[in-house]
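Trainee: Sequence:
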Amino acid sequence: MKILFIGECMAEFRQGEAGVWHQAFAGDVFNTAVYMKRISEECEVAFASVLGRDMFSQDLRHYCEQSRLDTRWLKSHESRSCGVYFIQTDTAGERQFTYYRENSAARTLLDTFSDNDFSAIAEQVDWVFLSGISLAILSANDRSRLLEKLTDLRRQGVKLVFDTNFRPVLWESRDKAKTDIYAFMESCDLVFAGREDMASLLGREDITSQEVADLLAPLCIPELVIKAGADHVMRLTQSERQHFPVEPVGSVVDTTAAGDSFNAGYLSALLAGQPPEQRVAKGQTLAASVIQHPGAIIPVNVTPAVSSVHT
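In terms of full-length UniProt numbering, the sequence shown has 161 at position 161, counting the first letter as 1, and numbering is strictly consecutive.
Keep in mind the hints are simulated off the structure, nothing from the lab. Fair warning: there could be bad hints in the mix.
Stated by the list, open to error - Quick list of in silico lysine-lysine cross-link-like pairs, DSBU-like style, CA-CA up to 30 Å:
#, residue 1, residue 2
1, Lys2, Lys149
2, Lys2, Lys159
3, Lys159, Lys149
4, Lys176, Lys149
5, Lys149, Lys178
To be verified - The calculated label-pair distances, taken between Cβ atoms and stated as ranges, are:
#, residue 1, residue 2, range
6, Lys176, Val249, 49 to 59 Å
7, Pro299, Tyr100, 24 to 34 Å
8, Pro299, Tyr85, 16 to 26 Å
9, Glu247, Asp206, 39 to 49 Å
10, Thr255, Asp142, 24 to 34 Å
11, Tyr85, Ser144, 22 to 32 Å
12, Ser173, Asp214, 23 to 33 Å
13, Thr255, Phe86, 14 to 24 Å
The beta carbon of each residue, even a glycine, is placed where N, CA and C say it ideally should be.
Using the sequences and the hints, build the whole thing.
Mentor: Structure (structure tokens):
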């Protein structure tokens, strides 16, 4: 089984004690790909994006290889570079983000990938995963082109997975974001919808998971998983509706990549043929481990705690 993750990974700088900056790599889709590979030895995991020729791009490519990701669809752009962002934490513990991604090579995905690349994906890949951020960094025209390409892949038997991951600052407008995100959700086989994402997208802070489910029902998504943070997970298909509580985590250090790692656990169980209860349990167990460590991708030396996920 082979799954391809399409998105952007950036160089991350996190401010630590005494003003010292720590550098890593992170990105929603990329995080899921890395965790997916760590807990799914039997699954081939590929990452599709565009990097530059700069130092960060070279280091990121090396990190992908170290993480045992298939990099055949990791392209290079001659004049663009890897995006960069900085995380600072104020005295109240709130994180503040500063992004430098306008010249990100990942924005050129549709111009860099050829028809032959998409033909190869159709022949070699079983699943494709992308997110709202994967869309937001593209131009409106490129989003339309990508939807056409993915729709064609689906007609050829490739399964599509989408995570809403809505970041308002990346979009032209909320209305445009809703139109495009809904179009992609309607075209996918599995959708992970964050309740907070949907609240922000729809401008309804108090929206419930049930209301999200009702609003998305007309899209006829084959499998919809609504993630409500520490509250619960709701799973819906055309024939069933399931509600799963979330086990509390004693010591939460950093919730970055909680949703990304949940996706990895859920998908690994799904691709292994496990039932919904085990998919959710594996996702929750992995996410619970990740949020007990700082950073989006926890260090390799704590990987045994992650790879021993049981359902």
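Trainee: Taking only the CA atoms, is the gap from lysine 176 to lysine 149 under or equal to 30 Å?
Mentor: holds, 20 Å
Trainee: Holds or violated: lysine 2 with lysine 159, Cα cutoff 30 Å?
Mentor: holds, 11 Å
Trainee: Determine whether the Cβ-Cβ distance between serine 173 and aspartate 214 falls within the hinted range of 23 to 33 Å.
Mentor: Holds - the Cβ-Cβ distance for serine 173 and aspartate 214, about 24 Å, lies within 23 to 33 Å.
Trainee: With respect to the beta-carbon atoms only, verify the hint that threonine 255 and aspartate 142 lie 24 to 34 Å apart.
Mentor: holds, 31 Å
Trainee: Using the C-beta atoms of proline 299 and tyrosine 85, is the stated range 16 to 26 Å upheld?
Mentor: holds, 20 Å
Trainee: For the pair supplied as a hint, lysine 159 and lysine 149, is the alpha-carbon distance within the 30 Å limit?
Mentor: Judged against 30 Å, a Cα distance of about 13 Å means the pair holds.
Trainee: Does the structure keep lysine 2 and lysine 149 at a Cα separation of 30 Å or less?
Mentor: holds, 18 Å
Trainee: For the pair we were handed, lysine 149 and lysine 178, check the Cα-Cα distance against 30 Å.
Mentor: holds, 20 Å
Trainee: Should the hint that glutamate 247 and aspartate 206 are 39 to 49 Å apart at their CB atoms be regarded as holding?
Mentor: violated, 25 Å
Trainee: Could one say that the CB atoms of tyrosine 85 and serine 144 fall in the range 22 to 32 Å?
Mentor: Once the Cβ atoms are compared, 27 Å apart, the range 22 to 32 Å for serine 144 and tyrosine 85 holds.
Trainee: Quick check on a hinted range of 14 to 24 Å for threonine 255 and phenylalanine 86, using CB atoms only.
Mentor: Distance hint for threonine 255, phenylalanine 86 holds at roughly 18 Å.
Trainee: Is it true that proline 299 and tyrosine 100 lie within 24 to 34 Å of each other by Cβ?
Mentor: Holds, since proline 299 and tyrosine 100 (Cβ atoms, about 25 Å apart) stay within the stated range.
Violated hints for the displayed structure, listed by number in ascending order: 6, 9.
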